[in-house]
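Colleague: Residue-level listing of the chains:
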Amino acid sequence: MIRAILAVFAVFAVCVAWPVQAAVEIQEVTSPGGITAWLVEEHSIPFVALDIRFKGGSSLDAPGKRGALNLMTGLLEEGAADLNARDFAEAAEALAARFGFSLYDDTMVVSASMLTETRDQAVDLLRTALIEPRFDDDAVERVRGQVQSGIRSDATDPNAIAAARFDAIAFGDHPYGASQDGTLDSVAGLSRDDLIAAKDRVMARDRMFVAVVGDITAAELGPLLDRLLGGFPETGAPMPDKAEVTLDGGIDVVPFDTPQSVVVFGHEGIERFDPDFFAAYVLNQVLGGSGFSSRLMTEVREKRGLTYGIGSYLAPMDLAETHIGQFASANDRVAEAIEVVRAEWAKAAAEGLTEAELEVAKTYLTGSYPLRFDGNATIAGILAGMQTEGLPMDYIETRNAEIEAVTLEDVKRVAARLLQPGALTFVVVGSPEGVEAAP
Amino acid sequence: MFARLTGLALALFAALPATLPAAAQEITTFTLENGLEAVVIENHRAPVAVHMLWYRIGAADEPAGKSGIAHFLEHLLFKGTETRAAGEFSDLVEINGGSDNAFTSLDYTAYHQRVAADRLELMMELEADRMRGLQMTEEDVVTERAVILEERNQRVENDPGAIFSEQRRAAQYLNHAYGIPIIGWKHEMMALTRDDAFDFYRRFYAPNNAILVVAGDVDPDAVKALAEQYYGPLEPSADIVPRVRPEEPPQLAERRMSYADPRVAQPYVLRSYLAPERDPGAQEKAAALTYLAEILGGSGATSVLGQKLQFETQIAVYTTAYYSGDSLDDTTFGVGVFPVEGVSLAEAEAAMDRVLAEFMAEGIDDAQFERIRFQIRAAQIYAEDDIQGLARRYGAGLTSGLTLADIEAWPAVLDAVTKDQVMAAAAEVFDRKRAVTGWLMTSESGEVMQ
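Chains A and B, in that order, are what the protein sequence lines are. Using the numbering used here, read the first sequence as starting at 1 and increasing by one per residue. Using the numbering used here, read the second sequence as starting at 1 and increasing by one per residue.
Mixed in with the good hints, there may be bad ones.
Not everything, but these chain A residues come out facing chain B in the computed CB check (under 8 Å) [claimed, not checked]: (1) Glu41; (2) Ala89; (3) Glu93; (4) Ser149; (5) Arg152; (6) Phe232; (7) Pro233; (8) Val253; (9) Ser293; (10) Glu302; (11) Thr407; (12) Glu409.
FYI, nobody ran anything at the bench for these hints, they're computed from the structure. Fair warning: this is a prediction, and the values are worked out from it, not measured in the lab. In this text, a Cβ means the ideal position worked out from N, Cα and C, and glycines have one as well.
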């Protein structure tokens with residue numbers, strides 16, 4: 001396999017000169033009221049995509065109020081200003097505007113697609129959801145019931161059980177350690193006042209990042225920003241402290257009667273702005289990154305047929321860094337799969353990568369990067385994500401050079417530092433055979 | 001829909017099928033002498049090309065007793081050929097910065113790559129190479145069979161909702177192969193062999209059974225020249241005949257079933273009715289049913305089921321109605337209710353039936369109907385933003401028995417639907433004799449289906 005790649009690469013190495021640059025021209029637009037947005041004008045299709053992110057996400061739940069931000073997020077489209085939930089939904093449908101509200105550990109995301117022909121009305125409607133949500137009692141109870149149904153379902157879903165258990169082990173009492181949905185009890189205890197307070201904790205000017213892509217000019221966007229987003233408080237809640245990652249090896253088995261065991265594994269990761277981040281990123285691409293050619297896919301799936309899919313990724317979050325992977329194997333085969341993962345982890349830690357693997361990974365990562373910039377909403381998401389991460393506007397042009405600069409020595413150094421076979425912690429949910437829980 | 005690896009959003013089941021935009025895309029078609037049909041969708045917004053090869057062969061075309069062979073073969077196509085080593089296909093795509101995958105459905109199998117537009121030629125070379133030149137060792141087959149069994153574990157055996165869905169489909173079709181799961185019944189998957197895969201491959205993988213769809217920053221003349229160069233020399237198969245499958249007999253007896261599993265936390269009732277699909281030259285009924293699904297279950301806050309069971313009464317935590325007309329043979333129309341805690345499945349089903357009866361008596365709200373029409377129009381605009389989705393629309397349509405003219409006419413057909421047509425389609429489809437009603441239950445509920 002490796003030899004085949006080498007031979008192939010030799011052919012392409014001479015002719016691969018990436019002419020493809022991400023074809024996005026970003027403008028920074030500052031509204032009269034001082035709101036900044038990144039804009040890409042794209043007038044070939046008569047609609048615009050907005051991506052508005054609030055840094056902090058579900059980590060900003062107040063102590064004892066786990067699940068408040070999640071419930072609040074679910075209620076933004078359930079009635080606002082003088083419209084109840086049904087009226088609001090009908091109004092959005094009549095404009096064919098598409099609104100999305102979602103919550104993650106580090107960000108809350110509001111996404112919207114609006115037709116040019118109904119944009120003004122759609123902006124006004126979305127503004128009411130963002131600034132004047134009603135949190136009517138009947139809507140709160142309806143959405144609370146949906147959240148609780150999801151919590152109950154997660155309690156019998158091996159994937160959700162594995163993720164929750166891993167987070168609990170990794171992050172303990174930090175907000176990262178508990179599901180953002182909250183518990184049945186914590187959600188039951190949330191009041192309307194809790195939701196109003198939760199909203200102001202995260203939806204604030206100093207937390208907000210905005211990207212806009214589509215059929216709109218910079219001159220049109222400025223006033224739109226003030227109209228849509230001008231009503232938020234200046235500051236949100238303070239960010240929680242960083243989490244301590246407490247993953248120091250061992251296997252945790254959660255007994256669950258199901259034919260296939262679900263496994264989540266990982267240990268501490270690397271910060272996004274660590275000088276060796278890109279070396280780590282390239283390393284992970286070879287070890288367990290996207291596509292079919294990673295070492296873990298090759299060893300666990302292609303050679304042994306032990307799983308349908310396996311992957312690993314770096315998760316540099318705002319308040320902690322982890323390096324995580326996941327797969328699922330039949331109960332009588334999962335022990336072997338875990339051993340293979342351990343062996344690959346140890347091998348990469350000790351030896352790093354080969355020159356051929358490094359070159360292939362760099363070629364893939366640099367070549368695929370421009371292909372991401374496809375579709376207004378996708379591009380808006382990338383641009384808003386860059387802002388929340390603190391990346392400069394020209395990152396799109398410099399990013400591939402960072403990948404290209406990674407050397408075999410860099411990878412070897414970061415592999416020895418990042419990959420810690422002894423700290424690699426496994427959570428196994430199922431009825432695994434030959435897998436013993438070990439501290 | 002079963003893919004070689006999950007991760008790509010496969011949105012074919014969207015309740016609102018996005019429709020063909022009129023302006024922004026240039027569509028070119030041609031057919032090679034060996035029978036390969038091609039569709040080129042020009043879209044020059046980004047320097048990206050999507051290359052898809054669709055075969056008119058799916059899980060519903062499998063020999064009896066060999067369920068899962070279409071999907072198994074899809075996996076095996078990533079093994080070697082006479083000129084390429086096993087795994088080399090994906091390695092080459094990756095080295096070129098691309099991504100690749102494949103998926104198998106009831107009516108089609110498709111292989112696709114997304115690459116920088118200047119890498120299109122290599123994709124064609126690779127895809128043409130494996131259309132007729134597949135090779136695989138016994139070891140490849142045994143290992144990959146373990147992979148598809150793990151895929152079945154992941155998608156079905158570990159998920160009570162998926163087990164329930166499989167059982168309901170099997171009951172829905174009395175004679176047609178749509179009752180057999182795409183991934184296969186486990187006992188038949190375990191017995192699939194290298195010979196089974198090759199027999200299926202040699203018979204059905206040929207240019208006269210394939211449709212090439214290329215979308216993105218490409219020039220149609222250049223695409224045609226490349227297609228002639230790489231796909232042109234391939235031999236057609238003599239075994240390709242029109243797909244005539246065993247048809248359903250009159251369905252005369254209502255089917256009812258219940259499945260209890262300790263892994264179920266949220267019970268629900270789902271009913272599927274046998275329903276017509278989009279047929280060449282006759283898509284009106286399917287268009288009406290597309291509206292019907294939106295009217296009954298499109299959005300929780302505005303649909304008929306959502307309004308009556310989640311808003312006016314607090315019976316359901318969630319309601320649904322679903323339909324997709326992309327199918328070669330008769331498909332299904334579904335409705336479902338997920339009750340709140342304390343409401344039994346019997347009560348949930350009774351409430352669902354009450355709402356359906358009221359709907360048949362009261363008809364459709366004018367304002368709701370116009371909102372849905374406007375949204376379907378808007379979906380055409382939003383769809384222009386998604387090259388891969390556009391490519392899929394053609395591939396899925398052409399492998400599901402439709403012609404190019406049908407695919408291009410679909411937006412106009414949707415736009416012309418009337419309330420009377422929707423009510424007539426509902427009256428025809430809502431026939432309990434042609435329906436399966438299923439209860440998915442927790443183990444401890446103790447409720448007995450009536």
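Colleague: Which of the numbered hints above does this structure break?
Modeller: 1, 6, 7, 8, 11, 12
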